Amino acid sequence: MSKGKSMVAAKKKGNAKSKAGKKVVSSTRNIKVDALARVEGEGALYVRVKDDVIEDIRFRIFEPPRFFEAFLQGRIYSEAPDITARICGICPLAYQMGSSQAMEQALGVQVTGTLRDLRRLIYCGEWIESHVLHAAMLHAPDFLGLQDSLQLAKDDPEIVKTALRLKKLGNEILEVIGGRAAHPINMKVGGFYKAPRKESVRTLIEPLKWGIGAAIGLAKVFGTFEFPDYEDDYQCVSLRHPDEYAIHEGRIISNRGLDIAVAEYPEHFKETHIAHSNALHGMMMDGSIYYTGPNARYNNNYAQLSKLAKSVAKDCGLGKKCNNLYQSILVRMVETVFACEEALRIVEAYEEPDASCVTIKPGPGIGAGCTEAPRGICLHRYELDKEGRIVSARIQAPTSQNQPQIERDLRGVVQGNLHLSDEDLKWRCEQTIRNYDPCISCATHFLDFSIDRE
Amino acid sequence: MAVQKKPKLAVWKFSSCDGCQLQLLSCEDELLQVAGAVDIAYFLEATRAELPGPYDVSLVEGSVTTPEEAERIRKVRKQSKFLISIGACATAGGIQALKNYKDVDGFIDAVYTNPEYIETLTTSTAIRDHVDVDFELRGCPINKYQLLEAINALLNGRKPNIPLHSQCIECKRAGSVCVMVANGTPCLGPVTQAGCGNLCPSFTRGCYGCFGPNDTPNTAALGKQFADMDMDERSIKHFFRSFNANASAFRKESEAHE
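Line order of the protein sequences matches chains A and B. Numbering-wise, the first sequence is residues 1 to 454 according to the working numbering. Numbering-wise, the second sequence is residues 1001 to 1258 according to the working numbering.
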């Protein structure tokens, strides 16, 4: 914990504020950025402003479509985890586990006990790896007015070194349980190909004890950042589990009273296809937009966080709810503290199971699955024929669900910051999008920013 | 004393999952050293900063699936002294090359409600099919140590030391029990290039071909062996037709089981 103090207190350059107040004289301005950086994928932003009124705002995703739902047709159920993993190199587990759960539901089996614990453990690894990559390497530079984490490494090497080591710890969990960090090979419908040896799992104990302290240190450093004051009344959708802070299982709930089993999601959520994006826009059946991701989980399930995670949240300036998505960097670190604690608990209790997976008999069925990817809920639904081959597949990635809310945030942020210079406004927009840790590869991925002011 | 200019490294993305370029960020112990040895001139996933070309080394991830990508890869080639394609998408078209076997209009209908908004080529193809490539790194994803070896070799003016032999050799070296002989588990190890670090067999799983065909793949013999093990034709076809579906040896063998 002293680690946090030893890191030079982050400099609050506040790029956000540096040029604020600079009066724009001309009423016609054009801003254009070719590609959004520090996101996973390819997206573009277009803003048209006339007489200080936003006429149009579009967060475009033109990552080329890869047609996963179509490839899956005709493939045997057991191939789904490996094929869907390739949707995303950053959060493959959201696909491997979501598709596995769906197949298990379709085929009438359940994964419980130690095998369930191992799934939660490896998912903690993905949260740690993905959260730290995003918070320290992709998001933090925005608050310091820096281009990237390599510049940060020059100013403050300890922060970056600590973050890299913590990220590596997440990857090590993935490697011990899953064989490798990107596209793990040990995950299957019904459990695992091979249960990890107790001695290899126990090698994670000491690094995890260190990881808890390191995550707290980073949370405290990030807590000193200045946060732009934009908030929205988010419709927060997340999983909830009766016994634990939901990561890999639960019911789908919202802060507006939604409470459904995962299998019921097609009746409550829809996707629309619009001209300016290769990602489908998610919304509720009533047409309302919603938010999924770390702040949704935090707002919905705060009570289930550990005592330590709650105290870290308080120490870095968070209340029991957080509707400022710039502060999602803090929520990610609170969740990283929690994930390290949770992983340590599972690792210390681990005994090798008798069988590495439950027995499965292929057959017909329909099943749905959902886990909390680091960036929000990831929905899967499959229909199988009598041989267990996939007849139809539907996958809703978190970033496509968040796309309408991202546009709404951009609208609010642009409207509230028209006094900024074009360069600062552009950066603020990018930062706003990065609040979501958007995975555009998942949503199908390039950010080309252009603003026309008339 | 004259300061020697650092080589400029660029990382480019085409159709892909980002997992291969992520391997550079996953070199947690080596990243700051790499960043010290080269100027990271273009790497969108990691930085807003962009330096103009030409670039000494370009790493290219992803396959070509749209008219825009077919155009863009030519521009990347023109700006790059040395171009390395990284990963199964860039070297063989990736999982999305499954569309090469099907009616793409049908694919678009299966995913999107307004197909008229989608612009896509009918195929997903390797970078080498569009421009000259100086070196290829296989894998789905690539092995980060192979990536470091390739960058290191280039910086020191030597050829990267990347094995082209089969996964089978790796199992023998590691003393892993053959999953096919011992357990009757179908395995692509005999025809797949080594490089993953002997992963699947050490988890009692058959190799599923992430690194694509090795230098001398006898796929016909292996296909026959699978049939003798009572694998049905469709399953054999699908086994060869996944992340390296469009690699020549795998494509031909999968077509033999149509």
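Treat the hints with care, as some may be off.
Claimed, not checked - Straight-line distance between alpha carbons at most 20 Å, and here's what the computed EDC-like set of lysine to aspartate or glutamate pairs gives: (1) K426(A) to D156(A); (2) K1237(B) to E79(A); (3) K154(A) to E1050(B).
What the hints assert, rightly or not - Covered by chain B, according to a simulated footprint, are these stretches of chain A (three or more residues, beta-carbon under 8 Å): (4) 209-222; (5) 280-294; (6) 335-341; (7) 366-373.
Hints in this document: simulated from the structure, not taken from any laboratory. Everything numeric in this text was worked out from a predicted model, so none of it was measured. For every residue, glycine included, the Cβ atom is placed at its ideal position computed from N, Cα and C.
Legend entry - Hints breached by this structure: Numbers 1, 4, 5, 6 and 7, in rising order.
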